[in-house]
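Chemist: Residue numbers (the working numbering), protein chains in the order written: chain A, 8 to 293; chain B, 2 to 330.
If you are wondering where the hints come from, they were derived from the structure by calculation, not from laboratory data.
Bear in mind that the values here come from a model prediction, so they are computed numbers and not experimental data.
The beta carbon of each residue, even a glycine, is placed where N, CA and C say it ideally should be.
It is possible that part of the hints are untrue.
[Said to hold, decoys possible] Estimated spans, in silico, between C-beta atoms of each pair: (1) D34/B x R19/A: 31 to 41 Å; (2) H55/A x I139/B: 29 to 39 Å; (3) Q217/B x R78/A: 36 to 46 Å; (4) L18/A x S306/B: 36 to 46 Å; (5) L40/A x I14/B: 50 to 60 Å; (6) R124/B x K26/A: 24 to 34 Å; (7) L11/B x I46/A: 47 to 57 Å.
[As the list claims (entries may be wrong)] Restricting the straight-line Cα-Cα distance to at most 30 Å, the calculated cross-link-like pairs of lysine-lysine (DSSO-like) are: (8) K129/B x K26/A; (9) K8/B x K212/B; (10) K183/A x K202/A; (11) K29/A x K8/B; (12) K27/A x K129/B.
[What the hints assert, rightly or not] Among the chain A residues that face chain B by a calculated CB cut under 10 Å, a handful are: (13) L30; (14) V32; (15) L63; (16) P67; (17) A136; (18) I137; (19) V144; (20) A148; (21) I149; (22) A249; (23) P259; (24) L274; (25) A275.
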Amino acid sequence: MENRRKKQSRLRDIWRQLKKSKLSVVALIVLCLIILVAILAPVLAPYHYAQQNAKLKNAPPSAQHLLGNDRLGRDILSRLIWGSRQSLQMGVLAVAIAAVVGILIGSVAGYYGGWVDNLSMRLLDIYQAIPMFLLSVSLAAIMGPSLKNAIIALGVGTVPGYARIMRASVLTVREKEYVEASRAINASNARIIFKHIVPNAIGPLIVQITMGVGSCILAGSALSYIGLGAQPPIPEWGAMIADARGVMRQYPTHALYPGICVMISVLACNLLGDGLRDALDPRLKN
Amino acid sequence: MLRYIIKRLLLLIPVLLGISLVVLILIDFTPGDPARMMLGAQASQEQVDALREELGLNDPLPVRYGRFLWGVVNGDFGTSLMTKRPVIDEMLERFPYTLTLVTIGTIFSVFLGIPIGIYAATRRHTWKDNAAIFFALIAVSMPSFWFALLLIRFFAVQLDWLPYAGVETWRGWVLPCGAMALGISALIARQVRSDMLEVLRQDYITTARAKGLSEQKVTYRHALKNAMIPVIMVIGGVFGSSLGGSLITEMIFSIPGLGQYIMTALNNRDYPVIQSGILIISTMFAIIILIVDVIFALVDPRIRSQYTKAKRKEGKQHGKQTEEAVEAA
């Protein structure tokens with residue numbers, strides 16, 4: 008009970024700080040809306056994403072098709088709405104993989120120190136010596152093009168960042184009195200790590216995770232653009248841009264809309280991340 | 002100082018060994034048989050088996066790893082399965098394209114990003130600052146390939162000022178470098194701004210102001226100089242990672258660079274190219290980071306003093322800082 012109240016007050020504290028910046032609140036609302044759109048896609052989309060209409064190839068916007076139709080006569084608005092699912096999945100799931108693995112590596116390395124720490128940091132050195140996007144592209148290409156593989160590739164490619172931040176944070180938490188206290192009452196290492204270290208060290212990761220979702224949506228759209236993400240006819244914003252390349256000259260808006268969708272989602276993540284950083288920064292607290 | 006450089010170079014060796022092993026293992030898991038890819042679908046199983054034997058694909062992993070390393074030590078990075086030419090020759094042919102793209106793109110970004118960052122920081126919390134930083138944020142959030150397509154649509158198709166693909170003339174470089182520079186310059190602007198703000202609240206800035214220096218002098222001589230270190234780290238980081246990340250830009254503008262080479266190899270399962278390509282790009286990446294670190298140690302007296310004591314720990318820590326800057330990028 009005591010613990011829960013503490014957690015709530017901490018969340019409320021962050022929210023109070025975050026509220027001060029209107030831009031962050033707007034970003035949060037936009038993100039919620041995008042999530043809502045993704046969840047409600049079947050209800051919101053006026054047409055199915057793969058429904059073709061031969062008469063309406065590259066048709067301009069009309070009352071039935073608000074954003075017009077693509078080169079196969081599919082409703083662009085519906086595809087954008089369905090596409091939010093794939094793009095959001097890429098962002099959220101890839102970060103989830105990266106964060107979970109990163110937190111595990113970072114907290115174990117930071118907590119045990121010594122050779123465990125040394126070994127895992129050297130392994131991360133190897134990892135990070137390969138430029139991140141090149142690594143993700145190679146992984147995705149090697150595993151074969153699919154949404155699932157793209158998510159894994161993005162997640163695996165971004166682990167080191169999370170692991171290092173977590174480790175640095177754990178190093179500061181490790182020496183706290185409450186950790187010593189739980190060690191004194193003979194708590195197991197696993198219990199100390201998961202009950203005491205991780206919850207208290209995870210703060211600095213929050214900003215990284217928020218922005219990570221944005222950068223994974225961005226990198227994911229790039230993977231899809233080169234054909235390594237969601238496979239047709241399933242719509243994904245990056246893949247939609249690639250699909251519109253051929254008609255770029257006559258119908259530039261086909262590529263414009265999905266790009267704007269990516270931009271807004273990533274922008275919202277970045278704004279929220281900036282806001283959270285300020286909210287969590289003790290130096291800026293009044 | 003020399004000892005430090007040598008030590009960092011030596012530390013590089015296990016990292017590169019690790020990379021080549023990881024890539025080899027990855028290729029091992031790759032579905033799709035390179036021998037089958039080379040011979041085509043109508044080749045008989047015996048032919049494929051014979052070619053596998055000839056290429057040494059049936060040897061156990063440690064043997065292949067050893068053979069690869071022995072080749073690298075002797076300057077032999079393998080032969081492309083597709084073109085039958087040495088990988089190193091093909092990469093050297095393509096490297097100038099990627100290097101030009103990334104270098105000019107980065108220079109563009111520096112000249113765009115640093116002034117914007119200073120502009121925003123010296124007008125903190127005014128609408129000018131907000132506008133500059135909001136545009137930078139939009140630029141960071143844009144897919145670069147999408148921006149490249151828009152540039153092509155506008156400057157090459159609509160206005161017909163510049164070619165939409167190919168880099169035979171200097172005009173062909175403008176759009177790819179511009180597309181590349183947008184995101185990077187915004188990243189630099191954001192970094193400059195936050196570091197400048199950090200520095201501007203230091204006591205020595207107050208001192209500089211108190212002794213009557215002009216705001217210009219305070220900004221450029223005192224604040225900017227001190228704010229540059231993390232900025233240069235970010236620049237070095239993005240320069241290095243762009244070497245590996247320029248592949249989409251290269252594909253869009255049909256630039257025959259390293260990125261496109263590796264992408265083709267990935268699609269064709271041309272494993273000697275994948276293996277050596279990733280190794281070579283990663284080596285360049287690591288060397289750029291090393292150069293950035295060495296420049297700091299030479300330029301910044303605070304860092305230099307750490308190495309004159311030749312303390313091992315501090316050297317390591319410093320290396321990590323750059324890595325973190327790269328991550329942030």
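Chemist: None of the hints should be skipped; say for each whether it holds.
Modeler: Hints, verified against the model:
Under the hint 31 to 41 Å, the C-beta atoms of D34/B and R19/A, about 59 Å apart, miss the expected range. Under the hint 29 to 39 Å, the C-beta atoms of H55/A and I139/B, about 32 Å apart, fit the expected range. For Q217/B paired with R78/A, a C-beta distance near 55 Å fails the hint of 36 to 46 Å. The hinted window of 36 to 46 Å between L18/A and S306/B holds, with their beta carbons roughly 44 Å apart.
For L40/A and I14/B, the Cβ-Cβ distance of about 51 Å falls inside the hinted range of 50 to 60 Å, so the restraint holds. Distance hint for R124/B and K26/A: a CB-CB separation of about 25 Å, consistent with the stated range 24 to 34 Å. At about 53 Å, the beta-carbon gap between L11/B and I46/A stays in the expected band of 47 to 57 Å. Pair hint K129/B plus K26/A holds up; C-alpha atoms about 23 Å apart against a cutoff of 30 Å.
Between K8/B and K212/B the CA atoms are separated by roughly 44 Å; this puts the pair beyond 30 Å, and the hint is violated. A distance of roughly 14 Å separates the Cα atoms of K183/A and K202/A; the hinted pair therefore holds under the 30 Å criterion. Taking the CA atoms of K29/A and K8/B, the gap is about 50 Å. The hint is violated against a cut of 30 Å. About 20 Å separates the Cα atoms of K27/A and K129/B, which keeps this hinted pair within 30 Å; it holds.
For L30/A, the suggested interface contact is upheld, since its CB lies about 8 Å from the closest CB of chain B, less than 10 Å. Taking 10 Å as the C-beta contact cut-off toward chain B, the hint placing V32/A at the interface is violated, the least distance being around 15 Å. With 10 Å as the threshold, the beta carbon of L63/A stays out of range of chain B, its nearest partner Cβ sitting at about 23 Å, so the hint is violated. Contact between P67/A and chain B, as hinted, is not supported at the beta carbon level, the nearest pair being about 17 Å apart and thus beyond 10 Å.
Hint on A136/A holds. Least Cβ distance to chain B is approximately 5 Å, under the 10 Å limit. For the restraint placing I137/A at the interface with chain B, the shortest Cβ-Cβ distance is roughly 5 Å, inside the 10 Å limit, so the hint holds. Checking V144/A against chain B by beta carbon gives a least distance of about 7 Å; that is within 10 Å, so the hint holds. With a cut of 10 Å, the hint placing A148/A at the interface with chain B holds, because the nearest CB-to-CB distance is about 4 Å.
Hint status for I149/A: holds, given a least beta-carbon distance of 5 Å to chain B, under 10 Å. Because the smallest distance between the Cβ of A249/A and any Cβ of chain B comes to about 9 Å, under 10 Å, the interface hint for this residue holds. Hint on P259/A holds. Least Cβ distance to chain B is approximately 5 Å, under the 10 Å limit. A distance limit of 10 Å between C-beta atoms decides the matter here; for L274/A the minimum to chain B is near 4 Å, and the interface restraint holds.
The interface hint given for A275/A is met, as the beta carbon of that residue sits about 8 Å from the closest beta carbon of chain B, less than 10 Å.
In the structure shown, a violation is registered for the earlier hints numbered 1, 3, 9, 11, 14, 15, 16, in ascending order.
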